[in-house]
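Number of protein chains: 2
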Amino acid sequence: MSELRVIPLKGIPEVREGDSVARHLSRALSRAGVSLRDRDILVVKQKVVSKSEGKVVRLDGVTPGPRAAELAEAEGKDPRIVELVLRESVRVVRSGHGVIITETRHGFVCANSGVDQSNVGEGRACLLPSDSDASARRIRKALERSTGRRLAVVITDTFGRPWRRGQTDVAIGCSGIDPLLSFRGRRDSFGYELRVTEPAVVDEVAGAAELVMGKLDMVPAAVVRGVRYRRGEGGVKSLLMSREKDLFR
Amino acid sequence: MSELRVIPLKGIPEVREGDSVARHLSRALSRAGVSLRDRDILVVKQKVVSKSEGKVVRLDGVTPGPRAAELAEAEGKDPRIVELVLRESVRVVRSGHGVIITETRHGFVCANSGVDQSNVGEGRACLLPSDSDASARRIRKALERSTGRRLAVVITDTFGRPWRRGQTDVAIGCSGIDPLLSFRGRRDSFGYELRVTEPAVVDEVAGAAELVMGKLDMVPAAVVRGVRYRRGEGGVKSLLMSREKDLFR
Numbered sequence: 440m441s442e443l444r445v446i447p448l449k450g451i452p453e454v455r456e457g458d459s460v461a462r463h464l465s466r467a468l469s470r471a472g473v474s475l476r477d478r479d480i481l482v483v484k485q486k487v488v489s490k491s492e493g494k495v496v497r498l499d500g501v502t503p504g505p506r507a508a509e510l511a512e513a514e515g516k517d518p519r520i521v522e523l524v525l526r527e528s529v530r531v532v533r534s535g536h537g538v539i540i541t542e543t544r545h546g547f548v549c550a551n552s553g554v555d556q557s558n559v560g561e562g563r564a565c566l567l568p569s570d571s572d573a574s575a576r577r578i579r580k581a582l583e584r585s586t587g588r589r590l591a592v593v594i595t596d597t598f599g600r601p602w603r604r605g606q607t608d609v610a611i612g613c614s615g616i617d618p619l620l621s622f623r624g625r626r627d628s629f630g631y632e633l634r635v636t637e638p639a640v641v642d643e644v645a646g647a648a649e650l651v652m653g654k655l656d657m658v659p660a661a662v663v664r665g666v667r668y669r670r671g672e673g674g675v676k677s678l679l680m681s682r683e684k685d686l687f688r
Numbered sequence: 440m441s442e443l444r445v446i447p448l449k450g451i452p453e454v455r456e457g458d459s460v461a462r463h464l465s466r467a468l469s470r471a472g473v474s475l476r477d478r479d480i481l482v483v484k485q486k487v488v489s490k491s492e493g494k495v496v497r498l499d500g501v502t503p504g505p506r507a508a509e510l511a512e513a514e515g516k517d518p519r520i521v522e523l524v525l526r527e528s529v530r531v532v533r534s535g536h537g538v539i540i541t542e543t544r545h546g547f548v549c550a551n552s553g554v555d556q557s558n559v560g561e562g563r564a565c566l567l568p569s570d571s572d573a574s575a576r577r578i579r580k581a582l583e584r585s586t587g588r589r590l591a592v593v594i595t596d597t598f599g600r601p602w603r604r605g606q607t608d609v610a611i612g613c614s615g616i617d618p619l620l621s622f623r624g625r626r627d628s629f630g631y632e633l634r635v636t637e638p639a640v641v642d643e644v645a646g647a648a649e650l651v652m653g654k655l656d657m658v659p660a661a662v663v664r665g666v667r668y669r670r671g672e673g674g675v676k677s678l679l680m681s682r683e684k685d686l687f688r
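Chains A and B are the protein sequences, given in the same order.
To get my numbering, take the position in the first sequence, counting from 1, and add 439.
To get my numbering, take the position in the second sequence, counting from 1, and add 439.
Hint data in this document are derived by calculation from the structure and do not stem from the laboratory.
One or more of the hints may lead you astray.
Identical copies go unnamed one by one, so any copy, or any two together, can satisfy a pair.
To be verified - As a list, the in silico DSSO-like pairs of lysine-lysine whose alpha-carbon atoms are at most 27 Å apart:
#1 Lys449 x Lys684
#2 Lys654 x Lys676
#3 Lys516 x Lys684
#4 Lys580 x Lys494
#5 Lys516 x Lys676
#6 Lys494 x Lys449
#7 Lys580 x Lys516
#8 Lys654 x Lys684
#9 Lys684 x Lys580
#10 Lys684 x Lys494
#11 Lys449 x Lys580
#12 Lys516 x Lys449
Between the sequences and the hints, there should be enough to build the whole structure, so can you do that?
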């Protein structure tokens, strides 16, 4: 295996509804002097994509229902935010200690249905893209057209996890890359068959990109170069565990 | 932020009990022509560390108790493996669909208490190091002595997770690096206070390293260069969520 590089794409301006994310990325690539190569992975933060798709909501237009009011009271949260969290969810998985874990309309299990107030300005909240795999596909197609390269795109968000403090960035959408790299049925050097080994390569790519993006530096994108992956169109949807197989839902 | 590099360290031979992991790493660094720099992070797979510490167990010496026999029957597993899983655990968190999730003696919540049969040869299983933070510290100290650099060491293992298929590598031990990079109380460009933002940088480093290590390529270590982190001695222990705060235990 050869070296992996993660190149931050800086200086992307505040993204507005209707902006082309691919065009923002192209300009940032030029500025950084980076020429894309076949199999490069473009990683983009969810917020950039959400903003371009008009998923920023003004809180003064949100009227909390009784369930949102009750849950907001119990967890010490803004009832308008909780109303959005509930609208974005199909059910609440757990709540407590000021945290609301939901299963979102998209199938993610995460805090607050991914509704987030950072980096959008006061009195506003940002929702996840309606279909992040489709968003990733659009961005990939546009970049492939403009560069002539075969690329992959991963859209990331910052999720907490059970049992461990802190958060890691994970993939909420992808295109051009199979989220899993399966070793099922392969054998180790002793001949032992690897039965369950399927690295979630898109999530490891998301985390690697986060290491150069940070939270405050206006680095909403990165190029990850040198990853071994399979091309594929399953999207992050294919990574989500079915409810029947899930021991924690 | 500048670029991140992840450099695989190949050609480390089969590690034996009593071997110095630091010496194996030093030789691999020489072969790869890599001179360590201050703040480089050495990532090492758990199995290498476990083998050096004699944590490989022969299954023909393991007698399953009645509880192991019952659980093995229910989940379709080798009762001797389940016996080891139970010995390594303080309790079973969930079991079903052929999976046993335990809380280990070390405080991790993971499948099979980290007991693993791959890459150790037939009739054997590998246990986690007794104290991976201490192992990381020993390796770091030895490498710092031999190189004169200030380094960090992260020991990784491959864990599944709820809600998503596949696995990612996470940190089970670290030294010289604070596992979390806290943005608590910092403000975004709109002045919004980030209240819960604490990237679990060691886990993102573990995942980034996995991308160059793979599962079959005998690349049990990597250098991760260019990560922004705080020096610290809390170890991965400080990353584990207390049972009281955990909504999924």
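Here is what the structure says about each hint:
no. : hint            : in the structure
1   : Lys449 x Lys684 : neither (40 Å within a copy, 37 Å between copies)
2   : Lys654 x Lys676 : both (26 Å within a copy, 24 Å between copies)
3   : Lys516 x Lys684 : between (32 Å within a copy, 18 Å between copies)
4   : Lys580 x Lys494 : within (22 Å within a copy, 49 Å between copies)
5   : Lys516 x Lys676 : neither (30 Å within a copy, 30 Å between copies)
6   : Lys494 x Lys449 : within (23 Å within a copy, 46 Å between copies)
7   : Lys580 x Lys516 : neither (40 Å within a copy, 46 Å between copies)
8   : Lys654 x Lys684 : between (34 Å within a copy, 24 Å between copies)
9   : Lys684 x Lys580 : neither (34 Å within a copy, 43 Å between copies)
10  : Lys684 x Lys494 : neither (32 Å within a copy, 32 Å between copies)
11  : Lys449 x Lys580 : within (22 Å within a copy, 36 Å between copies)
12  : Lys516 x Lys449 : neither (33 Å within a copy, 50 Å between copies)
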